[in-house]
Amino acid sequence: MPESATPVTFPPAFLWGAATSAYQIEGAVREDGRTPSIWDTFSHTPGRTAGGETGDIAVDHYHHYREDVALMAELGLSAYRFSISWSRVQPTGRGPAVQRGLDFYRRLVDELLAHGIRPAITLYHWDLPQELEDAGGWPERDVAFRFAEYARIVGEALGDRVEQWITLNEPWCSAFLGYGSGVHAPGRTDAAASLRAAHHLNLAHGLGASALRSVMPARNSVAVSLNSSVVRTVSQDPADLAAGRKIDDLANGVFHGPVLHGAYPETLLAATASVTDWSQVRDGDLAIINQPLDALGLNYYTPALVSAADEARASGPRADGHGASPYSPWPGADDVAFHHMPGERTEMGWSIDPSGLHDLLMRYSREAPGLPLYVTENGAAYDDKPDPDGRVHDPERIAYLHGHLSAVRRALDDGAEVRGYYLWSLLDNFEWAYGYEKRFGAVYVDYATLARTPKSSAHWYGRAARTGTLPPATA
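Numbering (the numbering used here), first residue to last: 1 to 475.
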């Protein structure tokens, strides 16, 4: 997109953050009482991840957290979103906390606050304790109640110092990639189970939000982060529009319906009736799920392009782990085809379309008027390599960030209550089933030495964070 001659400036209170997740960066998988999560099991199963790579060491943030917080402060970040490893705090997913596990997060929070950085905690970023999966995992109702107990434990430990809380990150991935397509942990392929998991994740959000509020100061904010898809159709033909509605229900309505509106879309229930009777939804569940939110997190990477199946293009479907994956069974949507989006792509093969972020923010301004919005993930993977002088130049990522942050500014101008932006990700890290071959970080990590080197995009983003104004994309 052409660069505007007018500086792109943000409100003084706008949060400039970066985000990570526990299994992707912490390492130390057997230290201080931590036991395996589903991602430990999955990554150690042959054939599940690229090169058989695991998060056993990752980037060893567990031992490098002070260095990493110092980097954030040096860059000028005002906020840091990280997740808690459930099995580090509650190894079996039940019972009392392991204080040594909680102590790591206490130290991390203290270090952030000492550097003037606002911590934002995500309670669940896909790493279910393996013992809970052995008992049936998210398709079983009991896990939602175990999550509420866990939320209470963490809220009691850190709620006095952490004001921003997120119950779940991208429950779509947990349900549909974990239990439907099997490309994410725990690797199960059962369409009906994926829909049960979706409901129980929603229930966990509601129960967890109530548990947090019961033990934390009223000033604290409770949210959920959704990877809601921007679903576009190849034409305005009624069959294509029907296909778009079906995917919108399965990607978005299945979560924001009960969370924001207290009901699943009737069109979703009808489309999936051959897969499940939705008996997993019991009396009272929807009221529990429909807790008042203090904010909503939105994660955006790329839009989805769909049509009715008989309109499929020869290019075929697009591999994508964020809302439009041909690897997901999309229960009840066998008559829908996915298409490649035109234009430039990241190393993930995802098309670059900042307008989708603007559209997403404006949609949720309509879905939940007045509700504060945060972009809790947005970023790009590129094939970053150090120059002979040791510096890492990534102009493509700078252009990506400039485009997407400009889209956020346009949404603000159009009335969206956007309060902050969290870059995905602070550090290069373990990119789930892709192992270490995809680099999303603003900070380059040499996986052999664990040395950290801020890329040119980190310095660019730091200037934006310190000044509240986007530097030129060519900076």
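If you are wondering where the hints come from, they were derived from the structure by calculation, not from laboratory data. We treat Cβ as the ideally placed atom computed from N, Cα and C, and that holds for glycine. Among these hints, one or two may not hold up.
[Stated by the list, open to error] The calculated lysine to any residue pairs, modelled on SDA-like cross-linking and capped at a C-alpha distance of 20 Å, are:
1. 385 with 437
2. 385 with 288
3. 385 with 436
[Unchecked claim] Ranges of calculated distance between the beta carbons of each label pair, as one might list FRET restraints:
4. 241 with 66: 24 to 32 Å
5. 385 with 334: 40 to 48 Å
6. 9 with 92: 18 to 26 Å
A quick look at each hint next to the structure:
Only pairs whose Cα atoms come within 20 Å are accepted, and residue 385 paired with residue 437 is accepted, the gap being roughly 12 Å. Proximity of residue 385 to residue 288 is assessed by CA-CA distance (about 48 Å); at most 20 Å being required, the pair is judged violated. Proximity of residue 385 to residue 436 is assessed by CA-CA distance (about 13 Å); at most 20 Å being required, the pair is judged to hold. With their beta carbons about 53 Å apart, residue 241 and residue 66 fall outside the hinted range of 24 to 32 Å.
Checking the proposed 40 to 48 Å range against residue 385 and residue 334 shows it holds: the Cβ atoms sit about 42 Å from each other. Range check, residue 9 to residue 92: about 50 Å between beta-carbon atoms, so the 18 to 26 Å window is missed.
When held up to the earlier numbered hints, the structure conflicts with 2, 4 and 6 and fits the remainder.
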